[in-house]
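Undergrad: So you can see what is in the structure, the chains are spelled out below.
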Amino acid sequence: MSNVLIELKSLTKNFEDQQVLKGIDLNIHENEFVTLLGPSGCGKTTTLRIIAGFEEPSGGEVLFDGVDISKVPPYKREINTVFQKYALFPFLNVYENVAFGLKIKKMDKSLIDHKVKKTLKLVGLEGFDKRDVTRLSGGQQQRVAIARALVNEPKVLLLDEPLGALDAKLRKEMQGELKKIQKEVGITFIFVTHDQEEALSMSDTVVVMHEGIIQQVGTPEDIYNEPENRFVASFIGESNIIEACMLKDMLVSFDGYEFKCVDKGFKENECVEVVIRPEDIDIVRPKEAQIKGTVKSIVFKGVHHEIVVETEHRDYTIHTTDYYEPGLKVGLTFGPDDIHVMYRMDWE
Amino acid sequence: MKHFTKLVRPYIIWAVVIILLPLLLIVLYSVTTGGNDLVNIQFTLDNFRRMTEPVYLAVFAKSFRLGLTAVGICLFAGYILAYFITFFSERTQSLLILLVTIPMWINTLLRTYAWICLLSDNGAVNTLLQMLGFQPVTMMYTDFAVLIGLVSDLLPFMVLPIHTSLCKIDHSLHEAAMDLGANKVQTFWRVTFKLSLPGVLNGIIMTFLLSISTFVIPKLLGGGQYMLIGNLIENQFISVGDWNFGSAISVILAFIILLAITGMKQFDQEEGEEE
Ligand SMILES: Nc1ncnc2c1ncn2[C@@H]1O[C@H](COP(=O)(O)OP(=O)(O)O)[C@@H](O)[C@H]1O
Ligand SMILES: [Mg+2]
Numbered sequence: 001m002s003n004v005l006i007e008l009k010s011l012t013k014n015f016e017d018q019q020v021l022k023g024i025d026l027n028i029h030e031n032e033f034v035t036l037l038g039p040s041g042c043g044k045t046t047t048l049r050i051i052a053g054f055e056e057p058s059g060g061e062v063l064f065d066g067v068d069i070s071k072v073p074p075y076k077r078e079i080n081t082v083f084q085k086y087a088l089f090p091f092l093n094v095y096e097n098v099a100f101g102l103k104i105k106k107m108d109k110s111l112i113d114h115k116v117k118k119t120l121k122l123v124g125l126e127g128f129d130k131r132d133v134t135r136l137s138g139g140q141q142q143r144v145a146i147a148r149a150l151v152n153e154p155k156v157l158l159l160d161e162p163l164g165a166l167d168a169k170l171r172k173e174m175q176g177e178l179k180k181i182q183k184e185v186g187i188t189f190i191f192v193t194h195d196q197e198e199a200l201s202m203s204d205t206v207v208v209m210h211e212g213i214i215q216q217v218g219t220p221e222d223i224y225n226e227p228e229n230r231f232v233a234s235f236i237g238e239s240n241i242i243e244a245c246m247l248k249d250m251l252v253s254f255d256g257y258e259f260k261c262v263d264k265g266f267k268e269n270e271c272v273e274v275v276i277r278p279e280d281i282d283i284v285r286p287k288e289a290q291i292k293g294t295v296k297s298i299v300f301k302g303v304h305h306e307i308v309v310e311t312e313h314r315d316y317t318i319h320t321t322d323y324y325e326p327g328l329k330v331g332l333t334f335g336p337d338d339i340h341v342m343y344r345m346d347w348e
Numbered sequence: 001m002k003h004f005t006k007l008v009r010p011y012i013i014w015a016v017v018i019i020l021l022p023l024l025l026i027v028l029y030s031v032t033t034g035g036n037d038l039v040n041i042q043f044t045l046d047n048f049r050r051m052t053e054p055v056y057l058a059v060f061a062k063s064f065r066l067g068l069t070a071v072g073i074c075l076f077a078g079y080i081l082a083y084f085i086t087f088f089s090e091r092t093q094s095l096l097i098l099l100v101t102i103p104m105w106i107n108t109l110l111r112t113y114a115w116i117c118l119l120s121d122n123g124a125v126n127t128l129l130q131m132l133g134f135q136p137v138t139m140m141y142t143d144f145a146v147l148i149g150l151v152s153d154l155l156p157f158m159v160l161p162i163h164t165s166l167c168k169i170d171h172s173l174h175e176a177a178m179d180l181g182a183n184k185v186q187t188f189w190r191v192t193f194k195l196s197l198p199g200v201l202n203g204i205i206m207t208f209l210l211s212i213s214t215f216v217i218p219k220l221l222g223g224g225q226y227m228l229i230g231n232l233i234e235n236q237f238i239s240v241g242d243w244n245f246g247s248a249i250s251v252i253l254a255f256i257i258l259l260a261i262t263g264m265k266q267f268d269q270e271e272g273e274e275e
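Chains as they are written, first to last, in our numbering: chain A, 1 to 348; chain B, 1 to 275.
Worth flagging that the hints you see were computed from the coordinates, not collected in a lab. On a predicted model such as this, the values are computed, not experimentally measured, just so you know. Fair warning: there could be bad hints in the mix.
Stated by the list, open to error - Listed below are several chain A residues computed to face chain B (Cβ distance under 8 Å; list not exhaustive): (1) Q18; (2) G23; (3) Y75; (4) K85; (5) F89; (6) R148; (7) N152; (8) Y324.
Said to hold, decoys possible - Using 30 Å as the maximum straight-line C-alpha spacing, the simulated BS3-like pairs for lysine-lysine come out as follows: (9) A:K85 x B:K168; (10) A:K260 x B:K194; (11) B:K168 x A:K105; (12) A:K264 x A:K296; (13) A:K71 x B:K184; (14) B:K265 x A:K103; (15) B:K184 x A:K103; (16) B:K265 x A:K76; (17) B:K219 x A:K103.
Unchecked claim - Here are a few chain B residues that sit away from chain A, every Cβ distance over 12 Å (derived from the structure): (18) I18; (19) L45; (20) F84; (21) F88; (22) M104; (23) R111; (24) D121; (25) Q130; (26) H171; (27) H174; (28) A177; (29) N183; (30) K194; (31) N202; (32) M206; (33) G224.
Virtual Cβ for every residue (Gly too), placed ideally from N, Cα, C.
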């Protein structure tokens, strides 16, 4: 991967007596699309605001290109932000909003004009120059906000839940477009969302946060297929999370049976948790499987059915395109590589 | 809904009786002669012609000069006051605004008498000066005294609208400006001040209105000879008894104020459009 651009080192932040960030360590690279993902209140915005310079960290360091910038005011950082509610200047039109930063830098008028026009074109707002920003639709305001930030050619663009206010269809559209823009301008995007699907579909790297702590950093595939703990597994999509015992390498036991798996490196008889994704479980006839149960409910979810099967130890959630009558006796099977073993979380 | 519109009727009738009717009467007085003798009414423009006499023009000029000075001082002091109030927590802000408005609860007369106590030749200020070894200064019956009285009277009317518009500014706009490279001073002029303009404008209009038509303050702090438009009108009605001329002055004053307000609103709108 390319050079590290931003380094967060044991970053902490306290508001009054509440510790909101509890030691964040993170490297963000040049030209990377990083997403901070986590439930509301986990400290995503606070992290972003510290990077932007609107909050000072209570402890730890923020390095930018190797230099500590914790005390540098926001207007001196090569970082721009797309605010959660856009924060466009209501007394300026589209063109003037986008030109704001360049005018502050006392750039040549014709150069400003060139850059503003180019950026408006990039975000698909050609010809909107004279429009009143307060009369634009949410999606258009969004684009103005992006253009206003990008026109300054920052090294990093921060986006705080930028798509939160848009409806589902527009959201999908903007997701693709943002990714395209990021590729085109070739700078680092740090994107904040609480929507796991959005995070998985857009990012190079996903950073899963929970209660001010980073739970896992990885590619979307890593995060989905190999969650490191129960929190990540349950936050990223539906899963069956099962308390289990690691008998030895590649052998785990739960629900009274032993299963072959592909994980190793755990202590013998270590208590662990196992995650099995609902789409990885197959429904078979009872006599073909070890785990047996009864279909408790079936709900059609558009593409697949979500089936809950009640077994002796727990309810399993299964996604399948087939239909099974509630009350039907079934067996559940999964292969060794469908079982993912995680360290057990110490809290909760 | 129909039901409710009916409820407004008594109010409309009252408004006509207590606002519109007197206004119409004043206009009527201003273009007639003979005072209250409405039987032998005679129309004339003499009342307005009299206004062009240099004595009266001078009164107008003086009133405007003094009024605008008071507005200017109020704007400067009031903006700074309103601006710094916004830095406090919400609760402290309400308290500070309350403090700013407390003088408004006290009768103007009382407040003005308080100023007399402070400013007169052997008042508090001069006593203090003498104690510190300075010469006493005459302050009563000067422009200075009238200005102090006016400014202290009008300041709340400037602070309130400005504070309101400052409070309404979305803080993320300040952050956006800083994010885009504006330092604190640039952020203030390019964002904060721009967005507070409606409040500033309202403040100017209110304080100007009040200062141009005042008569108690100049009378008490400026002395019997001190003549502003307000005093001129008061004299015509109370001492001279020339209601017709008094009305003419009122009409002209009202007209000028209306013109000024329209001009300001226009400016406000153009500002909004062009930016
Ligand atoms: N200025 C502040 N003062 C006090 N508490 C704050 C402040 N900003 C955020 N918090 C608290 O910090 C926690 C994390 O907030 P935030 O970073 O906004 O979370 P997220 O963006 O992940 O939803 C929340 O509990 C929030 O209430
Ligand atoms: Mg947030």
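Undergrad: All the hints need checking, so say for each whether the structure fits it.
TA: Here is what the structure says about each hint:
Hint on Q18 (chain A) is violated. Least Cβ distance to chain B is approximately 18 Å, over the 8 Å limit. Annotation: G23 (chain A) was flagged as interfacial toward chain B, and the flag is violated, the nearest CB pair being 26 Å apart, outside 8 Å. For the restraint placing Y75 (chain A) at the interface with chain B, the shortest Cβ-Cβ distance is roughly 5 Å, inside the 8 Å limit, so the hint holds. The interface hint given for K85 (chain A) is met, as the beta carbon of that residue sits about 7 Å from the closest beta carbon of chain B, less than 8 Å.
Proximity of F89 (chain A) to chain B holds as hinted, the smallest CB-CB distance being about 6 Å (cut-off 8 Å). Checking R148 (chain A) against chain B: minimum C-beta separation of about 7 Å stays under 8 Å; hint holds. With 8 Å as the threshold, the beta carbon of N152 (chain A) comes within range of chain B, its nearest partner Cβ sitting at about 7 Å, so the hint holds. A cut of 8 Å between beta carbons decides the hint on Y324 (chain A): the least distance to chain B is about 51 Å, and the hint is violated.
At most 30 Å may separate the alpha-carbon atoms for a hinted pair to count; K85 (chain A) and K168 (chain B) meet this at roughly 16 Å. The suggested pairing of K260 (chain A) with K194 (chain B) is violated, with an alpha-carbon distance near 69 Å, which exceeds 30 Å. In summary, the hint linking K168 (chain B) to K105 (chain A) is supported, as the alpha carbons are separated by about 28 Å, within the 30 Å threshold. For the hint pairing K264 (chain A) with K296 (chain A), the CA-to-CA distance comes to about 34 Å; that exceeds 30 Å, so the pair is violated.
Between K71 (chain A) and K184 (chain B), the direct Cα distance comes to roughly 16 Å. Compliance with the 30 Å bound is thereby established for this hinted pair. The straight-line distance between the Cα atoms of K265 (chain B) and K103 (chain A) is roughly 28 Å, inside the 30 Å bound, and the hint therefore holds. Annotation: proposed proximity of K184 (chain B) to K103 (chain A) holds, straight-line Cα distance about 16 Å (limit 30 Å). Distance restraint check for K265 (chain B) and K76 (chain A): the Cα-Cα separation of roughly 38 Å exceeds the 30 Å cut-off, and the hinted pair is therefore not satisfied.
For the proposed pair K219 (chain B) and K103 (chain A), the alpha carbon gap of about 52 Å is over 30 Å, so the pair is violated. Separation of I18 (chain B) from chain A is adequate, the least Cβ-Cβ distance of about 39 Å exceeding the 12 Å criterion. No Cβ of chain A approaches the Cβ of L45 (chain B) within 12 Å, the least distance being about 45 Å, so the stated non-interface status holds. Residue placement check: F84 (chain B) keeps its beta carbon more than 12 Å from all beta carbons of chain A (closest about 21 Å).
Annotated as non-interface, F88 (chain B) keeps its C-beta farther than 12 Å from every C-beta of chain A; the closest such distance is 18 Å. Once the 12 Å rule is applied to beta carbons, M104 (chain B) is consistent with being away from chain A; the minimum gap is 31 Å. Once the 12 Å rule is applied to beta carbons, R111 (chain B) is consistent with being away from chain A; the minimum gap is 38 Å. Every CB of chain A is more than 12 Å from the CB of D121 (chain B) (nearest about 51 Å), matching its label as outside the interface.
Against the 12 Å criterion, Q130 (chain B) stays outside the reach of chain A, whose nearest CB is about 51 Å from its own CB. The non-interface label for H171 (chain B) is inconsistent with chain A: the shortest C-beta to C-beta separation is roughly 9 Å, within 12 Å. Here H174 (chain B) does not stay apart from chain A, with its beta-carbon only about 9 Å from theirs, under the 12 Å limit. A beta-carbon of chain A is positioned within 12 Å of the beta-carbon of A177 (chain B); the least distance is around 7 Å.
With a least beta-carbon separation of about 5 Å from chain A, N183 (chain B) fails to lie farther than 12 Å from that chain, contradicting its non-interface assignment. A Cβ of chain A approaches the Cβ of K194 (chain B) within 12 Å, the least distance being about 5 Å, so the stated non-interface status is violated. With 12 Å as the threshold on Cβ separation, the claim that N202 (chain B) sits away from chain A holds: the shortest Cβ distance comes to roughly 17 Å. The non-interface label for M206 (chain B) is consistent with chain A: the shortest C-beta to C-beta separation is roughly 23 Å, beyond 12 Å.
The claim that G224 (chain B) lies off the interface holds: its Cβ sits roughly 49 Å from the closest Cβ of chain A, which is beyond the 12 Å cut-off.
Going through the hint list in order, the structure does not satisfy hints 1, 2, 8, 10, 12, 16, 17, 26, 27, 28, 29, 30.
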